[in-house]
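With chain D fixed as given, assemble chains L and E onto it according to the hints.
Protein chains in written order, with UniProt numbering: chain D, 1 to 314; chain L, 1 to 337; chain E, 1 to 260.
Check before you lean on any hint, since a few could be wrong.
Lysine-lysine pairs mimicking BS3-like chemistry, simulated, CA-CA at most 30 Å apart [said to hold, decoys possible]: (1) D:K295 <-> L:K21; (2) E:K106 <-> L:K86; (3) L:K21 <-> L:K173; (4) L:K173 <-> E:K204; (5) D:K227 <-> L:K21; (6) L:K302 <-> E:K204; (7) D:K224 <-> L:K8; (8) L:K329 <-> D:K227; (9) L:K73 <-> E:K204; (10) L:K21 <-> D:K224.
Pulled from the structure, derived: some chain E residues nowhere near chain D, Cβ distances all over 10 Å [to be verified]: (11) D7; (12) R41; (13) L55; (14) D89; (15) T257.
If you are wondering where the hints come from, they were derived from the structure by calculation, not from laboratory data.
Idealized CB from N, CA, C, for every residue including glycine.
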Amino acid sequence: MISFTSFPTQPEDAYRTVRRYNDDEDDAMMDLDDENGPSSSKLTCPGETLTSSHDYMRGHGTYVDNDEVIASVTGTIERVNRLVTVRPVNSRYNPEIGDLVVGRIAEVQPRRWKVDANSRQDAILMLSSVNLPGGVQRRKLESDELQMRTFFEEGDLLVAEVQAFFADGAMSLHTRSLKYGKLRNGQLVIVPPVLVRRLKSHFLTLPCNVDIILALNGYIWVSKHIKQIEQEGELGFDAEAVYSNQNDRIDSSTRSAIARVANIIQILASHFIPLTDTLLLEAYEWTMEQDSDVKTLLQEDYGDALVAAVVSKE
Amino acid sequence: MASSHISKAESSYIQAGLTSKDPQRLDGRNLGDYRAVALETGVAPLANGSAKLNIGRNPHNGSGGTEVVAATKLEVETLEEGAVDKGRVVCTVTCSPAAYPHLSPNAVEDLQYDLTTVINQTLAHPSLHPGNLRIIPGRKSWLLNVDLVVLADAGNIYDALFMAARAALWDTKVPRTRFVQFKARKGGVDNVGKGGDGMDVHQDVTSGFDTRGAHSAADFELPDYWDEGEVLDGRDRWPICITLNLVPPNHFLDATTSEESAVPLKLLLVFSFASIEVPTIQAMRFIGTGETSSPELRQLIKEGQRYAADTFKALQSKLKAEDVRRNQKTRELFASR
Amino acid sequence: MAQIGFDRRRINGPEESFAVIFEDNEEDPSKWKAGMARVGRLPLAIRPIFLQPGLIEQANGSAFIETGKTKIAVAIYGPRQSKNIAFHDKGRLNVEVKFAPFSCQKRRAPIRDAEDRSIAMAIHQAILPSVRLETMPKSVVDIFVTILEADGIEGCVAVGSVAASAALVDAGIEVYGLVASTSAAVNGDELWLDPSNEEAAQSKGTLVLSSMPALNKITSVWQNGEMLPDQVLAAVDICEKQCVEIHTVVAEKLRETHSL
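So here's chain D without its partners, still in its complex pose (with noise of 0.2 Å):
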């Protein structure tokens, strides 16, 4: 089945209607002294003056040229006590110690592997920062560094968690939880990093029988539930089934329920809605109120009514 759209039509007086910029003068210096602070739905524009930089110190974002301090992006701006930071709109992601995310290996290197985490840098995951067959925590032998791909191979999905940063800005993962590692049983969508907030917790579960590991990189994990494994600590740990590349058996409806997520992920994305478990789940049951095929989700319409009704309740 074939179906033919248009493109969007731009409105025949997009080029007449100037937008007029709002030229008050007296507004170019923000008031950061004001108790509310700026005001966070203005944007700054790149180059627009912030504050003096007696006064102020520059963050992330800015920059000082003539005892002014400048804004480098696009973005909100936000203040702790006399620093100055912007906040892009849209970035890579940045990370920070502690955060969950899910990166594809790039490269497997000696006694390490290059992680594409969608940062500025390859994220760099030790051998000495993985769950070794043999269950105790033990030594790196050199068998180990001689299989490493049987661990991880190029292409692989993982999660993990950003564990330190080399000199150079890099960040090293580490994968030594049970919560960790090597990720089957579902399939990839990809976000813009700003769409995930700091949550709780980053592992999700949906009632449809559906995993979801938000991570803070933007790479968003939805795949099959997989009951918790109960042992605590290295005693459950099973290198077989962590290091696999096989799947389960998926049966159909929990296979359709995945689509089913994904899609409603990339909704919500595509309208730049920042994505909470409560937000996912209200979405997911809307649709099943619907009734609706996974397919319907790909059209513009219900697209648009699903995310109407999703904030409207919010």
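Just chains L and E now, with coordinates in the frame of chain D:
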């Protein structure tokens, strides 16, 4: 997509979904479904015909999808001795490096070479040659350049290229030309050129050294007319491509990038519908590893023909709708003057 | 008239002259017109094939093939470690085709052109499914195809694939089966196998089928021009039968060469 290759687990997840009894795809489509295809003709005002096509554009923010722009441009070609007297068709595919950020410049070049080869071998084949590319018999003809630019690739590039090329060729207008000829009066060689006056030449003698032997000169002119020209001859014939992605025992259409990397073999079938009942196959290619047998192939061609007929009908009605829309727009612009 | 134009300073030619009359060449396919029967061959007859594996000493495997006016030499180097390529758990097949400058009617300048690559692509596709690339991770097999004399692009693809497959066997590279390949052209209502350059140029559509007859599998169909679906299927069937015969010839030759 961050990188072109996917993990083994992802790949087997996709394959298992496609080969199961109740086949399912990552975005919930059926095996025979295309993503939404957006098409617009007449996007390049300086070209003789043009079209923009996008498969799988995100309807909410307009991002993503495979995007191709096709444009045709006619050039006057002076024929050399022994050249074909019917005009030429030359197709070129250019890939924007932005469409393939994970490929090296050399790999992008190889890819556009490969795409060009398939498109050019098919569209420039004598069996599809339009009849009205001749300007002056034996002297001048049109060179029809079909240029395709890949702006983004989110899978199924061949179908997109062929559909865009078809739309642009459908839209192509060949300028009207009028044949003008100058004939020298009998026996009056001097009248042809301005020169010759200073020399004393016998009127009744033809010298062997007289190289001004041309007794006639022919050229063409473009008459003023209300439209841009006539459409290409046989524009119903331009073919469309159906890419069948083979995951035995199933096959599916319009693969996304990740589906493409999980499927080893695809079959390109290019159909031309000069008449809707008896389509002809204009090209056939296998791409990838894996093999098939002749009973399977028989089945695939039959199914492919069915898909192609659906696609052809949909594209045809869209092209006609585009013509109507543009006529309407022109009329409105004219009225507002 | 003649005397007036007479020039005494030159040696003048005879007053009368006649065009040379050539003896009529009966087997001239350019005299062929649509609807006429094939000249010189039966429609389903192919030209005899001469194959000699192992002619190029320095290569790991090689083959020379000649059929009619088509002459192709194939050399194989590898499997060898692929350089500057990221890790791959399968091997790669790299086919390069080169026309000798003297291989065609017109001289071919020794620079890479589009036709080289399109033939390389077709040969690559024809033999790729037959090679057990999963047995040679990180490696690359380079196949260099030199076309010494060409008689139609279809012939080059078909014959080149046969030679490349034979050369792979000569190099001792693991394959699932030998690849045999035949070309066909639709001329009028007939199907002609193994068309020459002129025959292919005059035809409406052409097809090259590559298969592994030992496994009854088709590896590639490379079709161009206008053909009805039924014509394609008929051509596929006929070519497949022909491939079985070519396979026998190639297998016989390989056995003979290696048993010495």
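Verification of the hints:
no., hint, result
1, D:K295 <-> L:K21, "holds, 18 Å"
2, E:K106 <-> L:K86, "holds, 22 Å"
3, L:K21 <-> L:K173, "violated, 49 Å"
4, L:K173 <-> E:K204, "holds, 27 Å"
5, D:K227 <-> L:K21, "holds, 26 Å"
6, L:K302 <-> E:K204, "holds, 21 Å"
7, D:K224 <-> L:K8, "holds, 17 Å"
8, L:K329 <-> D:K227, "violated, 60 Å"
9, L:K73 <-> E:K204, "holds, 27 Å"
10, L:K21 <-> D:K224, "holds, 19 Å"
11, D7, "holds, 74 Å"
12, R41, "holds, 45 Å"
13, L55, "holds, 39 Å"
14, D89, "violated, 7 Å"
15, T257, "holds, 40 Å"
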